[in-house]
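Asker: Top to bottom, those sequences are chains A and B. One rule links them: number in this note's numbering = place in the first sequence (from 1) + 1159. One rule links them: number in this note's numbering = place in the second sequence (from 1) + 1159.
Just to be clear, a hint being listed does not mean it is correct.
[What the hints assert, rightly or not] Below, a list of computed lysine-lysine pairs in the DSBU-like style, where the Cα atoms sit at most 35 Å apart:
(1) A:K1173 x A:K1388
(2) A:K1280 x A:K1265
(3) A:K1164 x B:K1456
(4) B:K1460 x A:K1387
(5) A:K1346 x B:K1306
[What the hints assert, rightly or not] Sample of chain A residues at the chain B side, in silico, Cβ under 7 Å:
(6) T1377
(7) V1461
(8) T1484
(9) F1505
[Claimed, not checked] Label pairs and their calculated CB-CB ranges:
(10) B:T1204 x A:K1249: 45 to 53 Å
(11) A:V1188 x B:G1342: 33 to 41 Å
(12) B:R1197 x A:K1341: 49 to 57 Å
(13) B:E1442 x A:T1171: 29 to 37 Å
(14) A:K1503 x B:E1499: 49 to 57 Å
(15) A:R1270 x B:K1344: 42 to 50 Å
(16) A:I1163 x B:E1309: 52 to 60 Å
(17) B:E1448 x A:Q1269: 56 to 64 Å
(18) A:M1160 x B:Q1186: 53 to 61 Å
(19) A:K1249 x B:P1372: 56 to 64 Å
(20) B:E1442 x A:N1450: 55 to 63 Å
If you are wondering where the hints come from, they were derived from the structure by calculation, not from laboratory data. Note that beta-carbon positions come from the ideal geometry of N, C-alpha and C, so glycine has one too.
Number of protein chains: 2
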Amino acid sequence: MYPIKIRAIEWTGKSVRWLNTNLLPHQEVYEESSDYERIARAIETMEIRGAPAIGVAAAFAVAAAVANANTSSVEELRLLGLRAVERLGKTRPTAYNLFWALDRIKRVLQREYIGVDDLKKAVVEEALKIYNEDVETNIRIGEIGEKLIEDGDTILTHCNAGALATSAFGTALAVIRVAWYKGKKIKVIATETRPVLQGARLTVWELKKEGIPVTLITDNMVGYVMYKKMVNKVIVGADRVLGDGHVINKIGTYTIAIAAKRHGIPFYVAAPTSTFDLRSRVEDVKIEERNPDEVRKVLNKVYITLEDVDVFNPSFDITPPDLVTGIITEKGVVTQPYEENIRKLFL
Amino acid sequence: MYPIKIRAIEWTGKSVRWLNTNLLPHQEVYEESSDYERIARAIETMEIRGAPAIGVAAAFAVAAAVANANTSSVEELRLLGLRAVERLGKTRPTAYNLFWALDRIKRVLQREYIGVDDLKKAVVEEALKIYNEDVETNIRIGEIGEKLIEDGDTILTHCNAGALATSAFGTALAVIRVAWYKGKKIKVIATETRPVLQGARLTVWELKKEGIPVTLITDNMVGYVMYKKMVNKVIVGADRVLGDGHVINKIGTYTIAIAAKRHGIPFYVAAPTSTFDLRSRVEDVKIEERNPDEVRKVLNKVYITLEDVDVFNPSFDITPPDLVTGIITEKGVVTQPYEENIRKLFL
């Protein structure tokens, strides 16, 4: 129905193949592995990144570990699978889809099986189901969200909530893709998204591949482009959405939401229901802090400051519900009051 | 009275000597020239940057042109001086101190003289006066502003409004310096300030030289450090302050001011009265847009995105007076209502 031009993660039948996003936009390198430790490191080093993509990759990693195991003992295979689940659960602490996907795989691992082949088949099938659901969910988010977009809109997006952050189509960028495919003449303003530059490296690359007009700005220009009335809507993705509507997403999201509020610009979050964490309170969410060298350097090679300067490097921030106009999910757009309406989403 | 550890611009007696801020923090290279065209290019390429520093450098450039001229005609010398004034006035459009300093030099050039030596002496003296006043003004701003700082404060600053942006002591960083010298245990959070990274390259270097604790963040972390209650005050410099209190400063300032307002954090601007433009309305101020490669690259060498991506690259933004808690000048702290209180400043 829609062209799928980028597949960031795929199951080859026995291993996982992924596009190494750290090398984009200048090199398009695909990696392949059936070693769950290698895939765990790919998630930690952000070769694979973006909440839905992390969840799918982790599920595939366990599937690869189980499918390639050389044992005839169901118990041994189950334990191996659970060890892989445990290792992958330690890769990154904030994105909820990781835990959601690993939970699904874990439940499958814990069922009864008559032989190892049945167990292998069940785990691979569950991982593929997670993957296929993600693609369908992305497209559905795009179809639901595009109704909010008007012809001629300029949409500001942050980081990369695109094909490179999911199995195929994106969340925030799915909305933009479907609006574009339906003929709406939209433009995108992409923030570069320091320190890892996912906006400059990934969103620009992805939108250029689609032919969607994109203008790159630095993160600190957000207020000014709104002041200049260059932005009609903001759409971002999410790494975790809480039951009360708090949105945890790439560092910088909160600052954009504050600026959007001042200017009366709608601020939308696009995220599948697998990103929703109904159990945690906002004070319980662990915000990952990464290596200070991400800030001290650019592209992991050039120092932009003194090499021993103190750095604060949180990867995510927290946007309170009062700043969120709506959350676009595959089940519809949720608006305030969030506590109540998010609960309804899961009935 | 206070140690002056950095002299970014000096008059050698016949030429201008400046620290090339583009090479900091990894190389400390001083340049020297008596060629006003060379100095104009140093301003355009940001070897010399920061509103007060630009004003002083421009005045010195005209002084160098006049002082080294080989003519016995007062008229010829005056014309040469006015040509230099005209050229320097075209270097950068936004910083008001440039036009303020060149106006002072122009008025001196236009007086009557009996010989070229008198004219040379008068122009050099005026340029030195502008320079010395700037140093005194900086220190005065520091002394007035430090009264707003409490022991234990963490102050967020943007870009570099320090010794490297003025003749010697800074504006925002003068306040921080004096508070530190008076024994207040303060800390600074410096935003890296893309695209030219004056925070990461200059403010970090300058504060480390003073021994003042500094933590570097990316520009998009501003909202989150406020959310985490890590910031007590914001102090920034200004490139131009209008009669109604609008503050034109480095891109990113406005976004910080919006975030500070949401969190009830005082947002101060430190600027000498030479930065005040009482004639322009906000819609008349030209916001400089620089080469898109500043955004596409980092440190003018490494591409961080596709080389042909569209870019918007304004160097400054506009902070409306409702977001400004106070403007620290050498004549006192101005607060709302700005229209009235700024007028009083110039009585």
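Asker: Run every hint past the structure and note whether it holds.
Answerer: Hint check:
{"no.": "1", "hint": "A:K1173 x A:K1388", "verdict": "violated (51 Å)"}
{"no.": "2", "hint": "A:K1280 x A:K1265", "verdict": "holds (14 Å)"}
{"no.": "3", "hint": "A:K1164 x B:K1456", "verdict": "holds (27 Å)"}
{"no.": "4", "hint": "B:K1460 x A:K1387", "verdict": "holds (30 Å)"}
{"no.": "5", "hint": "A:K1346 x B:K1306", "verdict": "violated (48 Å)"}
{"no.": "6", "hint": "T1377", "verdict": "holds (4 Å)"}
{"no.": "7", "hint": "V1461", "verdict": "holds (5 Å)"}
{"no.": "8", "hint": "T1484", "verdict": "violated (16 Å)"}
{"no.": "9", "hint": "F1505", "verdict": "violated (27 Å)"}
{"no.": "10", "hint": "B:T1204 x A:K1249: 45 to 53 Å", "verdict": "holds (48 Å)"}
{"no.": "11", "hint": "A:V1188 x B:G1342: 33 to 41 Å", "verdict": "violated (55 Å)"}
{"no.": "12", "hint": "B:R1197 x A:K1341: 49 to 57 Å", "verdict": "holds (56 Å)"}
{"no.": "13", "hint": "B:E1442 x A:T1171: 29 to 37 Å", "verdict": "violated (59 Å)"}
{"no.": "14", "hint": "A:K1503 x B:E1499: 49 to 57 Å", "verdict": "holds (53 Å)"}
{"no.": "15", "hint": "A:R1270 x B:K1344: 42 to 50 Å", "verdict": "violated (60 Å)"}
{"no.": "16", "hint": "A:I1163 x B:E1309: 52 to 60 Å", "verdict": "holds (57 Å)"}
{"no.": "17", "hint": "B:E1448 x A:Q1269: 56 to 64 Å", "verdict": "holds (60 Å)"}
{"no.": "18", "hint": "A:M1160 x B:Q1186: 53 to 61 Å", "verdict": "holds (56 Å)"}
{"no.": "19", "hint": "A:K1249 x B:P1372: 56 to 64 Å", "verdict": "violated (33 Å)"}
{"no.": "20", "hint": "B:E1442 x A:N1450: 55 to 63 Å", "verdict": "violated (45 Å)"}
Consistency with the previously given hints fails for numbers 1, 5, 8, 9, 11, 13, 15, 19, 20, ordered from lowest to highest.
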